[in-house]
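Work out the full structure: start from the sequences and follow the hints.
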Amino acid sequence: MYCRCQANYVLLFVVLTSWTTQALAKDCIGVVAAGATPFWVQVEAGARQAGQALDLDVHFRGPSREGRVETQLQMINWVLEYGCKALVIAPSGPEIAPRVQQLAGSGINTVYFDRDLPGSAVRGVVSTDNFLAGVQAGQALAVALGGQGKVALLRLKAGVLSTSERERGFRQGAEQGGLSILVDTFIGDDSQAAVDALREQLPQLAGVFTPNSTSSRAALAALRRLGKAGELVHIGFDGDPLLIEALSKGEIHSLMIQQAHAIGYQSVQLAAQSLRGELAPQPVNIALQVQQVNRENLAQWQRAREFELSGNP
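Under mature numbering (1 follows the signal peptide of the UniProt record, and there is no 0), residues -25 to -1, 1 to 288 are what the sequence shown spells out, in order.
Hint data in this document are derived by calculation from the structure and do not stem from the laboratory.
Cβ pair distances, simulated, as ranges:
| # | residue 1 | residue 2 | range |
| --- | --- | --- | --- |
| 1 | Gly205 | Asp32 | 41 to 47 Å |
| 2 | Pro178 | Ala28 | 52 to 58 Å |
| 3 | Ile156 | Leu107 | 14 to 20 Å |
| 4 | Gly58 | Gln123 | 57 to 63 Å |
| 5 | Gln264 | Asn52 | 30 to 36 Å |
| 6 | Leu107 | Gln277 | 22 to 28 Å |
| 7 | Thr160 | Gly252 | 46 to 52 Å |
Only a predicted model underlies this, so the values are computations on that prediction, with no experimental measurement involved. Ideal Cβ placement from N, Cα and C applies to all residues, glycine included.
This is how it looks when you write it as structure tokens:
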């Protein structure tokens, strides 16, 4: 009799413990970045702050190098192991779309951030207005060069929608502003590729545009090696510490800086709304603006970013 009661008590304890654990468990959102640059560190900070504000667990991962689709696919599986019912991802290639379609069929909602894959089965997209950002960069370079001169467009990689849109916008803004594109090529994150692209054309070039942080760092390294950093007007993208230091020294003219923190925060916020059935059936598109940061407004931008990262979305 004693043994039977003891067994019943043990069974009851196990059941209650399991029920309590489930009752106390939070919903979770998996977040898969496209890389691990300082831009993504700021995005992660925003995503985690949103998770805290919404009482959600946020599981954040990203490939060590930009654009590794196969790694992202593995990370989607890692997210699913946590039982998350919502995914936020920056798709690095078209291979992500079929997987997102599968997830939708399983009742798992997906939000894209930083970039879009048109036609995907997602509940929303949170990203920079990349085409407009490129146009603004082209206009800014045209103004800096007095509406004339030949420039280089050093692209990141074919097939990346976010940077492709910036590059397309830059060409339009630069040409409308009176500039001509003398060099137009892909360099990725390879400084040697940037050296090779620029070396023969240096005597004719007046400016350079690069569409993200890795291409901006590669171009900066190339211009330093060629002895032209600070002489050619270089407009880059994103605000990682190395680029900010170069800006403060006058080696970079200006940076088009995204609202990285807001991209992370608002994408998790959107995914949470999808979890709770608060979204309309139509996908939500949130487009954020960039800020052009130069030496004149650098200190003001740095103060604003410190305030943002202190816990204010």
